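The chain contents come next:
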Amino acid sequence: MRNKTWIYYLILALIAILFLMPMLWLVLSSFNVHARQALKWPDQWTFNNYLTVIQNGRNLRGFGIGLYISVAQASLVCILSLMAAYPLSRYDLSYKKPLLYAILFMTSLPMIAVIVPVYKIFVRFHLLDSIPGVILYLTASGIPYGVWMMKNFMDGIPKSLEEAAFVDGADSVQSMLHVVAPLMFSGICVVFIYSFSGAWGNFFIPYILLNSEAKQPASVILFQYFGKHGAIEYGALSAYSLLYSLPAIFLYILSQKVMSKGFTMNGGDKG
Amino acid sequence: MKTNRFLRECRQSILLIPAMALLLLFFVVPVFLTIFFSFTNMALTGATAKNYDIVGISNYIRLFKDKVALSVIKNTLFFLAGSLLGQQFVGFILAYCMRECSATFRRIVGPCILCGWVMPEIVVSLCMLAFFDMEGTANTILKTLHLPIISWIFGFPMLTVILANIWHGTAFSMLNFQSALDHVPRDMEEAARVDGANRLQVLWHLLIPCMKQTIGMNTMLNTFSTLGVFGLIWAMTGGGPGNKTTTLSIYMYNAGMKNFQLGKGTAIGILILLLGGVCSIGYSFLFYEREKKSRRKFGKVKTTLAERREG
Chain P
1 MRNKTWIYYL
11 ILALIAILFL
21 MPMLWLVLSS
31 FNVHARQALK
41 WPDQWTFNNY
51 LTVIQNGRNL
61 RGFGIGLYIS
71 VAQASLVCIL
81 SLMAAYPLSR
91 YDLSYKKPLL
101 YAILFMTSLP
111 MIAVIVPVYK
121 IFVRFHLLDS
131 IPGVILYLTA
141 SGIPYGVWMM
151 KNFMDGIPKS
161 LEEAAFVDGA
171 DSVQSMLHVV
181 APLMFSGICV
191 VFIYSFSGAW
201 GNFFIPYILL
211 NSEAKQPASV
221 ILFQYFGKHG
231 AIEYGALSAY
241 SLLYSLPAIF
251 LYILSQKVMS
261 KGFTMNGGDK
271 G
Chain H
1 MKTNRFLREC
11 RQSILLIPAM
21 ALLLLFFVVP
31 VFLTIFFSFT
41 NMALTGATAK
51 NYDIVGISNY
61 IRLFKDKVAL
71 SVIKNTLFFL
81 AGSLLGQQFV
91 GFILAYCMRE
101 CSATFRRIVG
111 PCILCGWVMP
121 EIVVSLCMLA
131 FFDMEGTANT
141 ILKTLHLPII
151 SWIFGFPMLT
161 VILANIWHGT
171 AFSMLNFQSA
181 LDHVPRDMEE
191 AARVDGANRL
201 QVLWHLLIPC
211 MKQTIGMNTM
221 LNTFSTLGVF
231 GLIWAMTGGG
241 PGNKTTTLSI
251 YMYNAGMKNF
261 QLGKGTAIGI
271 LILLLGGVCS
281 IGYSFLFYER
291 EKKSRRKFGK
301 VKTTLAERRE
311 G
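The listed protein sequences derive, respectively, from chains P and H.
Read in order, the letters of the first sequence correspond to residues 1 to 271 in full-length UniProt numbering.
Read in order, the letters of the second sequence correspond to residues 1 to 311 in full-length UniProt numbering.
Treat the hints with caution; some may be incorrect.
Unchecked claim - Dumping the calculated DSSO-like pairs for lysine-lysine here, alpha-carbon to alpha-carbon at most 30 Å:
{"no.": "1", "chain 1": "H", "residue 1": "212", "chain 2": "P", "residue 2": "97"}
{"no.": "2", "chain 1": "P", "residue 1": "215", "chain 2": "H", "residue 2": "258"}
{"no.": "3", "chain 1": "P", "residue 1": "4", "chain 2": "H", "residue 2": "212"}
{"no.": "4", "chain 1": "H", "residue 1": "143", "chain 2": "P", "residue 2": "40"}
Said to hold, decoys possible - A short, non-exhaustive set of chain H residues, derived as facing chain P with CB atoms under 7 Å:
{"no.": "5", "residue": "9"}
{"no.": "6", "residue": "18"}
{"no.": "7", "residue": "21"}
{"no.": "8", "residue": "23"}
{"no.": "9", "residue": "112"}
{"no.": "10", "residue": "123"}
{"no.": "11", "residue": "127"}
{"no.": "12", "residue": "151"}
{"no.": "13", "residue": "224"}
{"no.": "14", "residue": "256"}
{"no.": "15", "residue": "269"}
{"no.": "16", "residue": "276"}
{"no.": "17", "residue": "278"}
To be verified - A few chain P residues that face chain H, going by a derived Cβ cut-off under 7 Å, partial list only:
{"no.": "18", "residue": "20"}
{"no.": "19", "residue": "37"}
{"no.": "20", "residue": "91"}
{"no.": "21", "residue": "93"}
Calculated directly from the structure, the hints in this document are not laboratory data.
What you are looking at is a predicted structure, and each value in this text was computed from that prediction instead of being measured.
The C-beta atom is built at its ideal place from N, Cα and C for all residues, glycine as well.
Could you build the full structure based on these sequences and the hints that come with them?
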């Protein structure tokens, strides 16, 4: 048995190297003076690629807009889905089961299929090319997943904890804000992080719904850099891509940390 | 009594309203509009934007008579099948091999696979464009192995975008399979080995049946994400060369937003919805069943713990 395990190591190592190469190319060429398409160890190291990216006002504005859209969207998703999850988790509503099915159904529907009528709606309500409009639409697309997650986290919090608050005269909104929400803080963090990364990485919604150059977030600007220009400046482009990917990578690691702490509050209702 | 209950439910549902309103406006209404528009000859702007006619199913008839549309459907199915098979096959191999390797090695390999998954779609297309360029890394590898170089993006565009999608999506399948394999008890496997089953037999008769549900759910989740792929292909090939990598979502974008044919665009949208909807129903069903089962199991564990505490 023992002498056969090297095969597994070999297979894994080969696949891992193949998967790592494109990422390694991105990192190395962002520091390379003469970056080309192929993976190569830089003969001359430089920070100039990053400097040219940062010194460009349009790029910085793209990051700013992306940040604004993502933070606003993630906050809205958290607030609205926390509110919606409370009745779904606590009350015995007659329409609960079909609604939950519908929400689950919506989490998995490809949003792009309805983009044409959404565009029409945006034209009709003069929301086209407006950042708040994009935030609203992204929020709507994040809500099914958010509600589903929040409801599950909330189910893990014993009702008896709330009963103490009710005895003290709190209403359900107060109980939700002061008892339930603090207890499921890590769950809220996870929903926030997932929504944020989704919005930060989203390309096609801002690409379709925002026309003017001054309003485009980082994802659309990045696309235009390698979509339009004939000769691609690989050094600066990969520096930009890396800067743009960093929040997504960082947040993913953070979400793993939060999740590994665990959510359930089963010890809460002892005795 | 009945009105009482109705009033109580209304009061309890107030907190649901804002979220549901957004879903209604940007999810439910567009779905119904998609269905309605696909039966009209509406244009996005201009005279026929307001004075449109109901044209019945002629959008669909035209779609199925159109040679381009048929090749687009074929492309979509190819892209779907290639991505699903590739992602799940590689993901499964990774998860299976990782079981046999040391924890340190797993901790090194895991992030290598994950890096393609956590990166934004557009960055993925940039990395892949460079990787599969004529002078890119892929051809450099082929050259060092003394193999003929390949014109990936122009010669085999569909294969290239499928490989790009595999790079992007495999980590998700790997994670799912890893957690499913963790739940297969080790002693069950050992018992089979003692009984004389070889590795392949264990894999085929024990591990795969144990993971059936995970494989099903994973397939469906991957189907949704693959059907929704737009940016990756759009940034890599723009649907070209010719129409070789035009999938339904790109075809819809071209028809609806570029050529302003709302009727045709929404008819294509319906096709995507149908493909996704069928999978979505299956997925919701499987998911709900699994939830129920795990809750039952979880409840049992809890009661035994409580009993122990009392005793």
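**Study point:** Interface restraint verdict for residue 20(P) against chain H (beta-carbon cut-off 7 Å)
**Key:** Holds: closest Cβ of chain H sits about 4 Å from residue 20(P), inside 7 Å.
Check your understanding: Given residue 37(P) was flagged as interface, is its beta-carbon under 7 Å from a beta-carbon of chain H?
Key -> At about 4 Å, which falls below the 7 Å cut-off, the nearest Cβ of chain H leaves the hint on residue 37(P) intact, so it holds.
Check your understanding: With 7 Å as the cut and Cβ atoms as the points, is residue 123(H) at the interface with chain P?
Key -> Nearest chain P Cβ about 4 Å off; hint holds.
**Study point:** Closest C-beta approach of residue 91(P) to chain H relative to 7 Å, hint status
**Key:** holds (4 Å)
Check your understanding: Hey, residue 143(H) versus residue 40(P), does the alpha-carbon distance stay inside 30 Å?
Key -> Between residue 143(H) and residue 40(P) the Cα gap is close to 14 Å, so the pair holds against 30 Å.
Check your understanding: Quick one, is the residue 9(H) hint okay against chain P at 7 Å, beta carbons?
Key -> holds (6 Å)
Point to revise | Interface hint compliance - residue 23(H) to chain P, C-beta minimum distance less than 7 Å | key: holds (6 Å)
Check your understanding: Quick one, are residue 215(P) and residue 258(H) close enough, alpha carbons at most 30 Å?
Key -> holds (20 Å)
Practice item. Take the C-alpha atoms of residue 4(P) and residue 212(H), compute the straight-line distance between them, and say whether it is at most 30 Å. Key: This hinted pair holds, its Cα atoms lying about 27 Å apart.
Point to revise | Interface hint status, residue 93(P) versus chain H (Cβ within 7 Å) | key: Holds, about 6 Å.
Practice item. Grab the minimum C-beta distance from residue 269(H) to chain P and call the hint holds if it beats 7 Å, violated otherwise. Key: holds (5 Å)
Point to revise | Hint status (Cβ of residue 224(H) to nearest Cβ of chain P, threshold 7 Å) | key: holds (5 Å)
Violated hints, listed in ascending order, are 7, 12, 17; each of the other numbered hints is respected by the structure.
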